[in-house]
Amino acid sequence: MAPSLPQFSAARMRSYIFRLPLFTRSIVAVIILLWVISIQSVWNVQQWGALIPDQIGLSSMYRTNTFPLVHVGFFHAFLNILALTPLLERFEAEYGTLTTLALFLGPLSTIPALLYTFVERGILHMNTTVLGASIWVFTLLAMEAVKTYKTNPYFSLGTTQVPTWTTPLVMVLFVSFLVPNTSFLGHMCGLAFGYGWGLGYLKFLAPPEWILRWIEGKLNLLGRLPHYVSVDQKTYGRFGVLPTANVSSVSLPTDGSIGMGLGLDIGIWDVNAHASGSLLRRDPRLLKLPPYLSFLCIVIGVAWLLVLPLDNYSRKTYISENALLPGQVHTYFAGSDQNIFGGYKREVDALGEKSNVEVNDKLEEFFRASGLKVARQKYEYKSAGETYSGENIYAILHAPRGDATEAIVLVGAWRNVDGVLNRNGVALVLTLARYFKTDSRAGPQAWVDAYHDTHQSPAIESLPLKSGALQGAVVIDYPFDHRFESLHIVYDGINGQLPNLDLLNTVVAIASGQMGIGTSLQQMWQHTDSYKDRLQTMLRGMLNQGLGHASGPHSSFIPYHVDAITLQPYGEGWQDEMAMGRVIESTFRSLNNLLEHLHQSFFFYLLMQANRFVSIGTYLPSAMLVAVNFTIMAIFLWVKSGSPLDPSTKLASAGGKPSLTIIKKGDAAAIAPKEILGVRERQLFMPLAVVAGSQFLGVLPLYLFNHTPGNFLSSIFSIFAILNSVFPFIVSSAIVRYFRPTNQQYQLIKAFSLLLLGMFLSSLATLNFSLAFLVGLLAAPLTYMQPFPGRPISTAFLVLVLSLLAPTTVLFAGTYYWKLGVGEVLKEAAFGWDVWGMNTQVVVWCVWWPAWLVGMILLFGKPRDECKEESKVVN
Amino acid sequence: MRQLLSLLVFLAALCTASSVSDYHEQLLLRPLHPSLLLASFNFQSNTSLASFEQQNFRYFPRSLGQILQHANTRELHLRFSLGRWDAESWGARPWGGAREGGTGVELWAWVEAETDEEADGRWLTLTNALSGLFCASLNFIDSTRTTRPVMSFQPSGDHKNSTLSDLHLLHGTLPREVVCTENLTPFLKLLPCKGKAGISSLLDGHKLFDASWQSMSIDVRPICNAGSNDCQLQITQTIDMVLDIQRSKRPRDNPIPRPVPNEELKCDTSKPYNSDNACFPLDAADQEEEWSLSQIFGHSLKGTCPLATDGADPVCINIPHTRHVYASEGAHEHKDDSGYMRCFAIDGDKDFEIVLPQQEISEKAPLEEPLLYAERSFIGYGQERGGVQAILTNPSPTNAVDFVYMESLPWFMKLYLHTLKAKINGLDEDIIKEMYYRPALDRKRGTQLEVRILIPANSTVVLTYDFEKAILRYTEYPPDANRGFDIAPAVITIGNVSIRTTSLLLPLPTPDFSMPYNVIILTSTVMALSFGFIFNLLVRRFVAMDEGDKWDVRAVRLKALAAVKRFLSRFRKTEKLEKKE
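First to last, the protein sequences are chains A and B.
According to this note's numbering, numbering within the first sequence proceeds without interruption in unit steps and concludes at 927.
According to this note's numbering, numbering within the second sequence proceeds without interruption in unit steps and concludes at 1136.
It should be emphasised that the hints constitute simulated quantities derived from the structure, not laboratory data.
Just so you know, these numbers come straight off a predicted model, no measurement behind them.
For glycine and all other residues, C-beta sits at the position ideal for the given N, C-alpha and C.
Any given hint could turn out to be false.
Using 25 angstroms as the maximum straight-line C-alpha spacing, the simulated DSS-like pairs for lysine-lysine come out as follows [stated by the list, open to error]: (1) B/K744 <-> B/K857; (2) B/K749 <-> B/K762; (3) A/K414 <-> B/K821; (4) B/K751 <-> B/K804; (5) A/K255 <-> A/K199; (6) A/K425 <-> A/K414; (7) B/K762 <-> B/K744; (8) A/K270 <-> B/K1128; (9) A/K430 <-> B/K744; (10) A/K368 <-> A/K584; (11) B/K969 <-> B/K804; (12) B/K821 <-> A/K425; (13) B/K919 <-> B/K821; (14) B/K826 <-> A/K414; (15) B/K890 <-> A/K425.
Here are some of the chain A residues that sit facing chain B, going by a computed Cβ distance under 10 angstroms [as the list claims (entries may be wrong)]: (16) A63; (17) M65; (18) Y68; (19) I69; (20) A258; (21) P259; (22) E261; (23) G275; (24) A421; (25) K425; (26) R428; (27) H613; (28) N645; (29) L647; (30) L650; (31) Q652.
Facing chain B, from chain A, some residues (calculated, C-beta under 7 angstroms) [what the hints assert, rightly or not]: (32) E537; (33) S538; (34) H649; (35) F654.
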């Protein structure tokens, strides 16, 4: 089966080199020798041997012969040798050593050299020195090309027919374009000679044959010199037939044989694979593997997340969009602006507790006085039995010379998320509005919805004034009245969406680089850059992202692909409101530099410090591994449910020899016990019904918690939690009683439930990584739930564990830990559902809860003993 | 007596000029709220059609004339615009919007041709020639950007009935084109005085393109006296710009606004908290800004253009008569009867300058109310679909407005015509009188939509339609694909007044452009690996371990020995041979 293709192998190469004819060898040797000599600095070989057109005279005619042998440096010599050797070997083999010698030391170097000198000196009046054997290479190439042309005149490139003799010309062009310091003219002279020779016009230059024969005979060169190619040899030597003519006829059969060989090979492997695969699948060792594998997945997934804060796995942030140029411009918010700020602050303070409309009347007056266009928008949301209504006021500043196609938003909420009057924030917006273009939870949402005309009229009014496409939004949240120390940047959007990392980087770069204000994330007021702090920041970020709630007024903008952040000053320090103003001014100037929508940097990232992050490619595997653990178990259970019952019990009950069968696959055959090949009938109806039923049941709490009036939420939740702890037991007993499920059916229930869970979580991981990871982790024990008939203690223990990990318990524990009321959290969630379009609830009630329910049902299950029944039937 | 004489001279000049060729130029200044100044330059020259056809150019620019003749263009309108006209605060547009185009470049012309194909060929010639003349990318007006409006544009010139049937109207826009100095220079070259004298000497690229809004226009049209065969070709060039007075007054080397020093701060002292560190800014609306020609335009006016012989006053200013104006020596002020307009006659050689001091004045020149307020914006979000909403308000309490709304959309914005809805004051009513719709063909032509609507007095029409965003081929994206694609402004035609909305920026689904490179690199790697693997299998000869060459020291030594032996034996042979001989 050894292929007979002219193959590249070291052995062949070696033999080729050893069989190189004499003249080729000596030329190579001379070139190498001259290069070695040129290393020393006493005698300038290049100067001596080069073809310098001006210095060609009678005394220095030797240059026309020496120039091909001298090279500039090692690479020049090496590459030329590489190109020249095969060509020269062919030539010598065809014409004989003596002819080659005569030609190459005579006309083949002198004539192109003189031609070159003539053109360079006589016509172009220049004096470019040439060196190197490349001139021979092209001469030989041209000869070969003419030879090829005679047998194979055209090759087709697409539809055009290109004559083959042009190939050396193309190569000359290539070389002169791609390789620096090559002499185009020199190469062309070489080519000219080559074509002349190839076409037969220059054959007269070759020494007459009888002289060569005479010399050869007299000196007995053939006998004396190794590797000598005789003049005679050319007639009946190595190339009896022109080599180029028979290439195609030779290569065809070889190709065929290789194809056959390969086909056979693959065929054989195939058979093996099939046979071994079907046998391997029944390997009991393999069947034991998946539970460990899925456990390993969970462990690696968690460990993966834990190593992310290390230096080697996270990266430093960088500004990806070069157009932003953060902090490159001067800011001009200073000086007398402070006085005006003071004025506005007093006005805002005076307005303090007045109604929304009164406040807006006053603000409108302020905006108009600054020469801005003002508009208002009323909105009203109903959620959890309460009505949230209000009025937005906003002003538009058209950029001078702008064409109103793009806009940036600056938001100041009257009251911040915690309900504190945003005293300095609003005043700052008012003051800044003299240079640029404004409730805190529902207001921005209403405004953005209406801006994109997706609002529900008539509860929310349309916007009377609009500008172009929104490019970015910055929210100021500055509720206190003293100097601050650092900036807290809030960046989480709804449903775990994040603004482009470049926006965050810009603010961080401006605040810390230009203004010298520290920045922090995720309420990490102290950050020592230690592993612990980084991990804590990251986990807090993940928790915020996982909850998917709006962390500030900016969150409403992000679903519309408007990158937005909230800036909150904090701490006691020496930075005043003017510094804050300058940060915002500089940020806006940077955003103004943008030519395109922010798209360069990451949209999926985890931040562990203001200037350290991991991107999705690095962190995604951890959530995926956790999700994959469910899928692996699901597939394993599916396979297991289809495989026959434990062979040992079967054998014992049947008491006979296992019947054997022959598997045939192609040519291969194997003998295997019959029963391991059989597939057990799967009873699908009941498992599918249970899983589908529990999935549909998930809609119930979803509806319940999103549509109950706010004041009942807390009590409804308590009732639901109590029911939730009893419900699985009732369902399980009912199933046992009415369906009497077998072990196989329990396995199938679990398989389907885990399959769905794995599928949901892995697709969720690409959208909201943190939520997928958190739910995956909390649901991880479900992988190992199964009925434990006759082991009440372990069952009770597992029931306790699962009850602790129930969505309701986790929710309750969470609210207890953060000292919030359950009703409050649920009201917030209902608000998020109605106003922001938050969908964390869907994941909790329709993905996690059904899986948990199925897990509990499994724990309480009592499988019917199939073996006993079967044996009864047999008897 | 002297006045009468001058009037006579003026009339005589007017009569003689109208018969052969004449030239007229005028600058109108109009302050706008708040602290803005609208400057309208108008240059007009006539030439008789007969001399134009004989290529006898006097005031008519030869370069443009020859292009028009070559492309058989009978009437031409070219616009270069930048910025946004703020109709709410600035009122009606200059010239009623007739000398104005949408953002970027807009061109429409009546081309004489027998067939549509011929007209297309001539249009191509015209756009390419104009592209060279005005250094603008007019050559990018290809078939996808060219429309043939049916209801919107009417010829403004007088055409013979015989030629009228052969005239083809073609219209093209380039909303992305940024108008800049390189367009101004050729524009000025077309003028008889070439920006060297007369009002055109005020035109400077730095100031013009620093304006809040600016529009340059060229209109060429034939005008004929009724009943006679005596026709003339008229070229009107206008430049309108809205300059920010405060911005223009800033020094050129330091144009960034800075906070005013504390001493100059004007505070509302009536506020109780007014102190050194708290100041409520005072509304400065009734203070008229101080300005002068040289502050606004960088230098004063350099005399008059000697070719403008019609005797009209070259500079007019639209302000109440109570406002003080100081003009330089040798200029004569003419106040008109309306009380808000005064014009200046200028001495030919001297520089002319006017200065308006700061003045507290409550009287303002009345703003003309526009016929219609138009605003257009995108609605919806996402990468697949979107919508356009145009809000058209008729402010007049008495008159209904009949207008044609024209959209020419690029082909990748696929309009759903069934979603076209017009609501009047929030109610669905059938107010669309007439509609012309020409659907787009992918990569061949854009959508053209013309709708005739009648708005009753004092009402608002909201026109909405949905569209789908096409996915472009990889190479069809511009280099800054993530910026979005500019959508040409809608043209609203009310009689001979036209209004344009702002252009829009449409974000299309853009691929991650670095992805193809990643894919190429990845596939190349995979190819290289698989090729290497298969090639290796093909070429390598598999030999059993014991058959293989052994490369131990002994083998090397043996080989070397054998080689030496062979060498020696050969020499011996040759010796033997020689001996034989």
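Evaluated hints:
1. B/K744 <-> B/K857: OK: B/K744 and B/K857 at ~17 angstroms, within 25 angstroms.
2. B/K749 <-> B/K762: holds, 17 angstroms
3. A/K414 <-> B/K821: Judged against 25 angstroms, a Cα distance of about 20 angstroms means the pair holds.
4. B/K751 <-> B/K804: holds, 23 angstroms
5. A/K255 <-> A/K199: OK: A/K255 and A/K199 at ~14 angstroms, within 25 angstroms.
6. A/K425 <-> A/K414: holds, 14 angstroms
7. B/K762 <-> B/K744: holds, 18 angstroms
8. A/K270 <-> B/K1128: Within the cut-off at roughly 18 angstroms; holds.
9. A/K430 <-> B/K744: Judged against 25 angstroms, a Cα distance of about 54 angstroms means the pair is violated.
10. A/K368 <-> A/K584: The hint holds at about 17 angstroms.
11. B/K969 <-> B/K804: violated, 47 angstroms
12. B/K821 <-> A/K425: holds, 22 angstroms
13. B/K919 <-> B/K821: At roughly 23 angstroms apart (the allowed maximum being 25 angstroms), B/K821 and B/K919 satisfy the hint.
14. B/K826 <-> A/K414: holds, 15 angstroms
15. B/K890 <-> A/K425: violated, 35 angstroms
16. A63: Holds. Min distance 8 angstroms.
17. M65: This hint is violated: A/M65 lies away from chain B, its Cβ roughly 12 angstroms from the closest one there, beyond 10 angstroms.
18. Y68: violated, 15 angstroms
19. I69: violated, 14 angstroms
20. A258: violated, 29 angstroms
21. P259: Not OK, violated: A/P259 not within 10 angstroms of chain B, min 26 angstroms.
22. E261: violated, 24 angstroms
23. G275: The hint holds - A/G275 has a Cβ within 10 angstroms of chain B, the shortest such distance being about 6 angstroms.
24. A421: Since chain B brings a Cβ to about 5 angstroms from A/A421, closer than 10 angstroms, the hint holds.
25. K425: Constraint on A/K425 satisfied, holds at 7 angstroms.
26. R428: violated, 16 angstroms
27. H613: OK, holds: A/H613 within 10 angstroms of chain B, min 7 angstroms.
28. N645: Hint on A/N645: violated, closest Cβ of chain B at ~13 angstroms, above 10 angstroms.
29. L647: holds, 6 angstroms
30. L650: holds, 8 angstroms
31. Q652: holds, 8 angstroms
32. E537: This hint is violated: A/E537 lies away from chain B, its Cβ roughly 22 angstroms from the closest one there, beyond 7 angstroms.
33. S538: violated, 24 angstroms
34. H649: holds, 5 angstroms
35. F654: violated, 12 angstroms
The structure does not agree with the numbered hints 9, 11, 15, 17, 18, 19, 20, 21, 22, 26, 28, 32, 33, 35 stated previously, though it agrees with the rest.
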